[in-house]
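Asker: As you go down the protein sequences, you meet chains A and B in turn. Under the working numbering, the residues of the first sequence are numbered 122 to 236, in order. Under the working numbering, the residues of the second sequence are numbered 216 to 329, in order.
Derived from the structure by calculation, the hints contain no laboratory data. Be aware that a few hints might be false.
[Said to hold, decoys possible] Computed cross-link-like contacts, DSSO-like style, restricted to lysine-lysine with a CA-CA straight-line distance of at most 30 Å:
id, chain 1, residue 1, chain 2, residue 2
1, A, K231, B, K253
2, A, K228, A, K188
3, B, K253, A, K123
4, B, K234, B, K255
5, B, K233, A, K123
6, B, K256, A, K231
7, B, K233, B, K251
8, B, K237, A, K228
9, B, K233, B, K253
10, A, K163, B, K237
11, A, K177, B, K233
12, B, K251, A, K231
13, B, K256, B, K237
14, A, K177, B, K237
15, B, K237, B, K268
16, A, K188, B, K224
17, A, K228, B, K255
18, B, K224, B, K253
19, B, K237, B, K224
20, B, K251, B, K234
21, B, K253, B, K237
22, B, K234, B, K253
23, B, K234, A, K231
24, B, K233, A, K231
25, A, K228, B, K256
26, B, K255, B, K224
27, B, K234, A, K123
28, B, K268, A, K231
29, A, K177, B, K234
30, A, K177, B, K255
31, B, K233, A, K188
32, B, K224, A, K163
33, B, K253, A, K228
34, B, K268, B, K233
35, B, K224, A, K228
[Claimed, not checked] Example chain B residues on the side facing chain A (calculated, C-beta under 7 Å, incomplete):
id, residue
36, A254
37, P258
38, L260
39, A295
40, Q310
Yeah, the Cβ is synthetic: ideal placement off N, Cα and C, and Gly gets one too.
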Amino acid sequence: QKEVEQNSGPLSVPEGAIASLNCTYSDRGSQSFFWYRQYSGKSPELIMSIYSNGDKEDGRFTAQLNKASQYVSLLIRDSQPSDSATYLCAVNSGDSGAGSYQLTFGKGTKLSVIP
Amino acid sequence: DTEVTQTPKHLVMGMTNKKSLKCEQHMGHRAMYWYKQKAKKPPELMFVYSYEKLSINESVPSRFSPECPNSSLLNLHLHALQPEDSALYLCASSQEQGSTDTQYFGPGTRLTVL
Numbered sequence: 122q123k124e125v126e127q128n129s130g131p132l133s134v135p136e137g138a139i140a141s142l143n144c145t146y147s148d149r150g151s152q153s154f155f156w157y158r159q160y161s162g163k164s165p166e167l168i169m170s171i172y173s174n175g176d177k178e179d180g181r182f183t184a185q186l187n188k189a190s191q192y193v194s195l196l197i198r199d200s201q202p203s204d205s206a207t208y209l210c211a212v213n214s215g216d217s218g219a220g221s222y223q224l225t226f227g228k229g230t231k232l233s234v235i236p
Numbered sequence: 216d217t218e219v220t221q222t223p224k225h226l227v228m229g230m231t232n233k234k235s236l237k238c239e240q241h242m243g244h245r246a247m248y249w250y251k252q253k254a255k256k257p258p259e260l261m262f263v264y265s266y267e268k269l270s271i272n273e274s275v276p277s278r279f280s281p282e283c284p285n286s287s288l289l290n291l292h293l294h295a296l297q298p299e300d301s302a303l304y305l306c307a308s309s310q311e312q313g314s315t316d317t318q319y320f321g322p323g324t325r326l327t328v329l
């Protein structure tokens, strides 16, 4: 059973602060990792993808991956009230022989940015 | 452009009705997915089509019937649904069903079964 674990929150941070979201996964063979943002009643929107150990930055967002620790995180700098949403960690894993992969989602972390 | 479209946006149906959900993408993606999402839960995979062939069926009840008429279109036919099937139904697509492919989601269809 492939598992992805996230702290469900809610995580509350003041406006302008750094929000730190964490995720661990069980399948050591996983090769790609994604963060999706989902506003209430809307569909998931891709925020970041990361494939290699280390940091990947895109604007106010930084994804961090440590495959040895099976850990991926998302940092949001200068948090804004518009960042208030549920953040889903997703890990792509599957059967390399069959070429069949699928996303396993964590339960999501609800982030509230307080003005 | 990473747009996946879904119709209708909202659907209300009775337990004896037959209806269909539609999904379309024009990104040349060869993998398409149906997910079901209940409130405060993550998306739950239902079906995957790869190169227009059913690749994964996650033991979904037969009252849900997927169809992939061509590489751009994905349908989900609904028949004799139960109230517990009420949920947000999400379509997604990716270049292929590979280990590093990114899935892009459509806006979803909010389904209510009375």
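Asker: Compare the structure with the hints numbered earlier in the document and write down the numbers of the violated ones, lowest to highest.
Answerer: Of the numbered hints given earlier, those the structure breaks are 5, 11, 14, 16, 23, 24, 27, 28, 29, 31, 36, 39, 40, listed in rising order.
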